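Heads up: the sequence lines are chains A and B, in that order.
Just so we're on the same page, our numbering is the position in the first sequence counted from 1, plus 46.
Just so we're on the same page, our numbering is the position in the second sequence counted from 1, plus 46.
Please keep in mind that the hints were generated in silico from the structure rather than gathered at the bench.
All of these numbers come straight from a predicted model, not from anything done at the bench.
There's no promise every hint is true.
Any copy, or any two copies together, can satisfy a pair, since identical chains are not distinguished.
[Unchecked claim] As a list, the in silico EDC-like pairs of lysine to aspartate or glutamate whose alpha-carbon atoms are at most 16 Å apart:
hint : residue 1 : residue 2
1    : K290      : E329
2    : K350      : E394
3    : K290      : D311
4    : K286      : E329
Protein chains: 2
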Amino acid sequence: MPSYFTSSPGKVILFGEHAVVYGKVATAGSLGLRSYSLVQTRTDRAIGVSLPDVQLTRTWAMNDIPRQARWEGYPYPPPMNEALLEQLAKIVNLGTQTNRSQAAIALMYLHSHLTTDEIADKGYDFSVRSNLPVGAGLGSSASYSVCVATALLKLNGHLAVGMDAIAQRDLVNQWSFQAEKVIHGNPSGIDNTVSTFGGAVMFKKGEKIEPLPGFQSLRFLLTNTRVPRETQVQVANVRKLWEKFPTVVNPMLDAINEISASCKDLFSQQGLERAHLLTQFGELVDVNHGLLAALGVSHPSLEKVREISSKLGLKSKLTGAGGGGCALTLIRDDVSTETVAVVKQLLEAEGFNCMETSVGGPGAGILTLNGPTSITEFLSHEKAYFEQGLDWKYFV
Amino acid sequence: MPSYFTSSPGKVILFGEHAVVYGKVATAGSLGLRSYSLVQTRTDRAIGVSLPDVQLTRTWAMNDIPRQARWEGYPYPPPMNEALLEQLAKIVNLGTQTNRSQAAIALMYLHSHLTTDEIADKGYDFSVRSNLPVGAGLGSSASYSVCVATALLKLNGHLAVGMDAIAQRDLVNQWSFQAEKVIHGNPSGIDNTVSTFGGAVMFKKGEKIEPLPGFQSLRFLLTNTRVPRETQVQVANVRKLWEKFPTVVNPMLDAINEISASCKDLFSQQGLERAHLLTQFGELVDVNHGLLAALGVSHPSLEKVREISSKLGLKSKLTGAGGGGCALTLIRDDVSTETVAVVKQLLEAEGFNCMETSVGGPGAGILTLNGPTSITEFLSHEKAYFEQGLDWKYFV
Chain A
47 MPSYFTSSPG
57 KVILFGEHAV
67 VYGKVATAGS
77 LGLRSYSLVQ
87 TRTDRAIGVS
97 LPDVQLTRTW
107 AMNDIPRQAR
117 WEGYPYPPPM
127 NEALLEQLAK
137 IVNLGTQTNR
147 SQAAIALMYL
157 HSHLTTDEIA
167 DKGYDFSVRS
177 NLPVGAGLGS
187 SASYSVCVAT
197 ALLKLNGHLA
207 VGMDAIAQRD
217 LVNQWSFQAE
227 KVIHGNPSGI
237 DNTVSTFGGA
247 VMFKKGEKIE
257 PLPGFQSLRF
267 LLTNTRVPRE
277 TQVQVANVRK
287 LWEKFPTVVN
297 PMLDAINEIS
307 ASCKDLFSQQ
317 GLERAHLLTQ
327 FGELVDVNHG
337 LLAALGVSHP
347 SLEKVREISS
357 KLGLKSKLTG
367 AGGGGCALTL
377 IRDDVSTETV
387 AVVKQLLEAE
397 GFNCMETSVG
407 GPGAGILTLN
417 GPTSITEFLS
427 HEKAYFEQGL
437 DWKYFV
Chain B
47 MPSYFTSSPG
57 KVILFGEHAV
67 VYGKVATAGS
77 LGLRSYSLVQ
87 TRTDRAIGVS
97 LPDVQLTRTW
107 AMNDIPRQAR
117 WEGYPYPPPM
127 NEALLEQLAK
137 IVNLGTQTNR
147 SQAAIALMYL
157 HSHLTTDEIA
167 DKGYDFSVRS
177 NLPVGAGLGS
187 SASYSVCVAT
197 ALLKLNGHLA
207 VGMDAIAQRD
217 LVNQWSFQAE
227 KVIHGNPSGI
237 DNTVSTFGGA
247 VMFKKGEKIE
257 PLPGFQSLRF
267 LLTNTRVPRE
277 TQVQVANVRK
287 LWEKFPTVVN
297 PMLDAINEIS
307 ASCKDLFSQQ
317 GLERAHLLTQ
327 FGELVDVNHG
337 LLAALGVSHP
347 SLEKVREISS
357 KLGLKSKLTG
367 AGGGGCALTL
377 IRDDVSTETV
387 AVVKQLLEAE
397 GFNCMETSVG
407 GPGAGILTLN
417 GPTSITEFLS
427 HEKAYFEQGL
437 DWKYFV
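Throw the hints in and build the complete structure from the sequences for me.
Quick look at the structure:
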């Protein structure tokens, strides 16, 4: 009975949010908060789906889900099949535009293309759990998509043993991008790329996403202000300011562009001590937040995070669209556990939600089952399983 | 017995502090807080000086102060006479580098050049009071210098009736710049220019100071955080950031430059409703503060001013070097008296000092004495004297 755990990280934008809309470079990194999936074959030609994070537990008969004939370029994805999507939406029948409906349709869309006769003959159970808050700009849907893609590709033998790692992650990335398209319509591809590859990337609208060479994993306190993000409102507000004062806003966007470039320079400097690197990275964090605040996308809750963390000598910035949502606080290596605890306590006293995490860790991975038999059991020992050396295979 | 009241405003930087160090345009305006001086002849060939704001009350014998022979270009100032300065410092004998010593030396330096035989034969009393806090970046020394220059020029007949207003203010400006040089060593000339001319000006290092055409007087709440400014420290910090990340900081300075340019555009737009003008001016205030904060020159106290005022829909920015000092909060015409009172109360509860004032009002002026007989008497009815139409003669 083949069964695999797959795992993939969320993402955070480190630098360049908003400016990226205007063709500037942005930098994103994989987040230590991850999603985990378990896929295992059944014997009754059914597909059991368990997504407790979106309150979905359901089983479909294998025969109810159409499967695609092989196409040119198989197993790489063909162009989006809109007719199939509509068909699947009807079959899945979970309403429209809800997270769980989109999640189920995305799964079925990949299933429809990737499931081999051998697996179709058996059926399988698929479950996902995530440590990522939904809708917080942390790439939870991409992380889900990468888990789905990795799980179905692996289960159906498309990630054959001995297959080149680059080819494996490329295949996962392409399919997770399909899943993202099902969920979002017109995703940028950043989130699934970061979730697949891990580390950090630099990207520019319409250009290839580039890994950030030499990026070192960094510790952060991630604070969810619990103030709902309003991405479209924030994007529109920046647009209005840009339309009113283009000569002022354009150089601000240029400055943000150069923050990503300076970040790249930092990590490519040979022999730069990590302590110095972290100090300078913190200064870039500070300046980027200032520029975002100057663009009008901060929020009193985000300024509160800055106020509290700066009192203890820590640098913070909003991440994502702003106007609420999350902030990142850099934890330099020399910051004591006590200091982190104090900051956390002060932030939580404001009603915020804090998680110590890292940015720049590994991307998607697979663990051939050995021990835990369910996602719930796995998650109850996540730290031990994940960090203490089970044989995760990352596509890196 | 000729006697004259003179009056001159302080200044605030509206936009462009710090960026001006890097050759960018800045905008400054005259402040509604003013200094007042009274000069009146005596009969005993003495000079009585009363500067209660710096605890100075003293009388010098006319014969103790050297007077300069006429020079080429009289009555426009000759090059600084360093030997005379040293001589005056000894005669004044109030120690070195204190505000009151510098103020007295500046007065005597102008006296030495401008006093005619006729006035020297009589002597005079000179007193100054100021509503401007000293050392808060509000141009108190320039305002003092302009009062001194105006008073001595007027008393000695250098501002003859019928003299062209442009020539009068030019003469006052040149002599007040001399006084500023005595006090500061190497002043920029902005402060005395704003104090002399009133309104608002734009300026760039090494270039001519230009009046901002069409500038309309604006209401502000001026908040002194009482956190001491550390101008040199802030300037050095920006320099460090600029040296570390020139490609990031340069476009930020460009953006600040364009804020002054956009401000100029606003006031030159024909038919722009004042309400719209004020809204857009407020946005520039917001963006400029953000950029200053991004440069690292804000302070928790200044952010507190922003937090409190923004809760009531008002836009604030630091003014001057930052790291403490003062903040300006724009009071749009539609803001109610109650709102202003609430903001003031909240700010004062933080230990800050608030003053409702305006920016862009008249510059230096003279009132031929008619009613009050001392500065103290005058100041006790300042509002009435100043606002209710005594016949101030401004050089505009």
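Let me make sure I understand: some of the numbered hints might not hold for this structure. Which ones are they, in numerical order?
none
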